[in-house]
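Novice: For reference, the chains in residue letters:
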Amino acid sequence: MKWSFLRRVTLSVSFLVILVNPFLNFYLHFNFIQGWYQSLGIGNLWIVSPLEGLESILLSKTIYGPLLIGMLLPIILALLLGRVFCSWICPISFLSELLDTLKRPFTKRRFFKDLLRLPKWLIWWALIGDILLALIVGAPFFVFLSPPGLVGREIMMAVFLHTLAIEGIVVIVVLGLHLLVTRRFFCRYFCPLGGLLALLGSKRRLQVVLDRERCVACGLCNKACPMGLRPQDGEAALPFCWNCGECVDHCPESCLSYKWSGADQVAVHSPEENL
Amino acid sequence: MSEAPINSGRRHFLGLFRSPVHENVLRPPGAVGEDLFASKCIRCGRCVEVCPYKSIFPLDVHSGIWAGTPIIAVMTIPCYLCMKCVEVCPTGTLRPIQQDEVRMGLAVVDRYLCVTWRGEALCRTCYNICPFKDKAIRLDELRPVVDPKHCTGCGICVHACPMTDKGLGASNPTKKAINCLPRS
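Protein chains in written order, with the working numbering: chain A, 1 to 275; chain B, 1 to 184.
Think of the hints as simulated: they come from the structure by calculation, not from any bench. All values reported here derive from a predicted model rather than from experimental measurement. No incorrect hints appear here.
Partial list, computed: chain A residues near chain B (C-beta under 10 Å):
no.: 1; residue: Asn-21
no.: 2; residue: Pro-22
no.: 3; residue: His-29
no.: 4; residue: Trp-36
no.: 5; residue: Gln-38
no.: 6; residue: Trp-46
no.: 7; residue: Val-48
no.: 8; residue: Ser-56
no.: 9; residue: Leu-58
no.: 10; residue: Ser-60
no.: 11; residue: Gly-70
no.: 12; residue: Ala-134
no.: 13; residue: Val-137
no.: 14; residue: Ala-139
no.: 15; residue: Met-156
no.: 16; residue: Met-157
Ideal Cβ placement from N, Cα and C applies to all residues, glycine included.
Please construct the entire structure, taking both the sequences and the accompanying hints into account.
Specialist: What follows is the structure, given as structure tokens:
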């Protein structure tokens, strides 16, 4: 359980940052860290979510240097490691896993079942639809409702304004779908940010690779995958894989492993060409 | 709380697209024009978080496409021009500018309400409290006069002004004897 433990620690720390930090800023005027996973400022290091930044540039047709620099780090991360923001940092992931932990004593199964499976390519349409809708409306309105940012905004509103915004209901719906219908239902099919990161990470360096010779086809990895992929059939190489490492941990023969492919092994195109 | 005089009354459907900026309800310092604001701002709320006076608050869903954008209701809490928000805006929606370059709005004296202009008293609250005293607000024959060239529109004078349309020191005024109007 090495990777999932590491990942849960990272998720918890990431969540603690956006949970504790508003209190520090409000009561102690700490202000060293600001914001959450829409835009996070750690001292002079600015991180801006690529989807938010892209929409801002597309809609206002203006380019602002600091915005581009803020987008650089997450974009490089996605190019090299894929959708790791989703599985290792995103507060929705943290809350989903927390719910899983609470749910586990009530179910006898080792793995949760997915009640409804949709085509995986829906996430591309979520991304396209989101950008098109934003362009039509003329405001990056969807990022206002985007769950990863929304969790942080709600915490800030609760601390700073002592109120919660009604759009927080989106988070409840997303978590409800995860709990009652399909694991990570929103993340899998409808998250535009996830779609953008998956697109950026489609030629990622870090991948979960399968040693076919040692695989005994037990199917545990397929059941473990929260994204509903089939690592046993090599689906971990798809853009939809978010490198969470659940399959790596669950493989009894340890024939799944993370692999960093060097420049020679990566497909014909360099990642930059695919942007 | 932030029960500012916005979102008051019934809103037409078109209100979802209409800018929420109006008299005494203004954007934070350095804001780009309202034509760009909705599209450029990513609603990250860092300006809300950094504002030490809690002047800035995010608009809610009633504001339609403007939801999540920051606003300052100067009658409730004005802007004290600490210029922290412009330093943290990641998108350049609030441009990094100097304190004296701020043009959030323009203070306008209501000469029918102002007790000094009406000749009933010698009040100079707005003049005394103005951070750019003698430049933005000066006294002309003891009556306050705003110079649009220097007024930042911070609204400190609006906040301080004791005279309201509901009478002196009324608790729920809709306007004061000096008000900040949007610049554009």
